[in-house]
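*Asks:* First to last, the sequence lines map onto chains A and B. Position one of the first sequence corresponds to residue 1 (our numbering), numbered consecutively onward. Position one of the second sequence corresponds to residue 1001 (our numbering), numbered consecutively onward.
Derived by calculation from the structure, the hints in this document are not laboratory data. Hints may contain errors.
[Said to hold, decoys possible] Every beta carbon over 12 Å from chain A, so not counted as near; a handful from chain B, in silico:
(1) Leu-1038
(2) Phe-1063
(3) Leu-1111
(4) Ile-1120
(5) Leu-1143
(6) Asn-1175
[What the hints assert, rightly or not] Taking lysine to any residue and the SDA-like style, the derived pairs with C-alpha atoms no more than 20 Å apart in a straight line are:
(7) A:Lys-61 - B:Val-1058
(8) A:Lys-67 - B:Pro-1059
(9) A:Lys-67 - B:Thr-1132
(10) A:Lys-97 - A:Ser-160
(11) A:Lys-67 - B:Ser-1136
(12) A:Lys-61 - B:Pro-1059
(13) A:Lys-61 - B:Asp-1166
(14) A:Lys-67 - B:Ser-1062
(15) A:Lys-67 - B:Leu-1143
(16) A:Lys-97 - A:Ala-22
(17) A:Lys-67 - B:Pro-1056
(18) A:Lys-61 - B:Gly-1057
(19) A:Lys-67 - B:Ala-1054
(20) A:Lys-67 - B:Leu-1068
(21) A:Lys-61 - B:Arg-1092
(22) A:Lys-67 - B:Ser-1061
All residues carry an ideal CB built from backbone N, CA and C; glycine is no exception.
Given next are the chains, with one letter for each unit.
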Amino acid sequence: MMPPESWIVFFEWCEATALGTAVRNSMYAFPLIEATHLVAMCVMGGALIMVDLRLLGVGMKDQEAGKLARLVRPWLLGAIVVMLSTGVLLFLSEAIKCFYNTSFWVKMITLPMALTFTFLVRDRQILNDVPSRMRGRMLGSTSLVLWFVVAAAGRWIGYS
Amino acid sequence: MIRSLLEWLGSTRWSVTLVESYYVWPLVESTHVVTLALFVGTAIMMDLRLIGIAFPGVPASSFIDRLLPWTRIGFGVMVASGLLLFYSSPLRYYNNLFFRIKFAMLIIAGLNIWLFHSRIHKSIQTWDDALTPPRSARVAGILSIALWTGVVFSGRLVAYNWFECDIQPQPEWVNWAAGCQVEESAP
């Protein structure tokens, strides 16, 4: 899974940006941004998982999934904003490495899928309607699988 | 005594196999990292409710009775994968400053959980539906978020060798805190 070689120009430009260079030249910036990325992953993961578990028919069964999704939304959105901004910083500091990294591309393909699914499919169906048992299970399990791949691929970028 | 025990542990066949494996070690480590979302993630959701800044209209007991079992499952996976990682290089982690900070915060986080369940949780009927739980519950929630954030931070920083015993000279307090055995170099 590799993008067209011509795209490398863009990645070289990213790596040369002032932000990318600053993060790369600092001994502490990358690790601290990375740790912040992880803490935000916890908030985001918790916000997603509690709704998905409910949709699967386990977890907080005494609450409507739609109610949980509505209440957790500000936290989910806030965590995603932190994830994206820290993620972009990490990427800028090592864009060329990312270009040649399969896990990076797995994440770049599954991340928009997971975001689209969460906000345009899952939440759209549960915020206003109570989904059937079967549909709830499909929504919850698809969300968990998609986000799991995003997270695992993200961790795997670092192993190469 | 502890050092020679850990040195022996790190020399056992499975420990060497684990640390040298191309796929198994990363698999164990990524399990440890991804499970954070389940363990710390659900714990933080509960803490936000205890602090009283999220989930109005959802009783606190719903989190404790129905979400906490999942937090516990996550914790089990964290401990199992964490023990395996420790087993892969025992001495290295034992002498790692961030590992020690992480461990200290884990113990305090454990005490916080114990205090919550042994005292604050007992009166939950009186504040279960309250938008703002009592002060003690809010403090427990704030402490929990702060401590787990600290655990995640120091856990991630374990991978960086800024304070490694092998890299000398280090400040005296670092060598003390990390338990480094620094040999006096000949003049």
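*Asks:* Are the hints correct? Go through all of them and say.
*Replies:* Each hint tested on the structure:
1. Leu-1038: Per Cβ check, Leu-1038 of chain B is inside 12 Å of chain A; nearest 6 Å; violated.
2. Phe-1063: At roughly 7 Å from the nearest Cβ of chain A, Phe-1063 of chain B sits no farther out than 12 Å, so the non-interface label is violated.
3. Leu-1111: At about 21 Å from chain A, Leu-1111 of chain B clears the 12 Å cut-off, so the statement holds.
4. Ile-1120: 20 Å, holds
5. Leu-1143: 16 Å, holds
6. Asn-1175: 20 Å, holds
7. A:Lys-61 - B:Val-1058: Given that 20 Å is the threshold and the Cα spacing comes to 12 Å, the pair holds.
8. A:Lys-67 - B:Pro-1059: Holds, because 13 Å separates the two Cα atoms, which is no more than 20 Å.
9. A:Lys-67 - B:Thr-1132: Holds: Lys-67 of chain A and Thr-1132 of chain B sit about 19 Å apart, inside 20 Å.
10. A:Lys-97 - A:Ser-160: 9 Å, holds
11. A:Lys-67 - B:Ser-1136: Violated - the C-alpha atoms of Ser-1136 of chain B and Lys-67 of chain A are around 27 Å apart, more than 20 Å.
12. A:Lys-61 - B:Pro-1059: Holds, because 12 Å separates the two Cα atoms, which is no more than 20 Å.
13. A:Lys-61 - B:Asp-1166: With Cα atoms ~52 Å apart, Lys-61 of chain A and Asp-1166 of chain B exceed 20 Å; violated.
14. A:Lys-67 - B:Ser-1062: Given that 20 Å is the threshold and the Cα spacing comes to 13 Å, the pair holds.
15. A:Lys-67 - B:Leu-1143: 27 Å, violated
16. A:Lys-97 - A:Ala-22: 17 Å, holds
17. A:Lys-67 - B:Pro-1056: Measuring from Cα to Cα gives roughly 10 Å; hence the hint holds.
18. A:Lys-61 - B:Gly-1057: 15 Å, holds
19. A:Lys-67 - B:Ala-1054: Holds: Lys-67 of chain A and Ala-1054 of chain B sit about 12 Å apart, inside 20 Å.
20. A:Lys-67 - B:Leu-1068: Given that 20 Å is the threshold and the Cα spacing comes to 19 Å, the pair holds.
21. A:Lys-61 - B:Arg-1092: 44 Å, violated
22. A:Lys-67 - B:Ser-1061: 16 Å, holds
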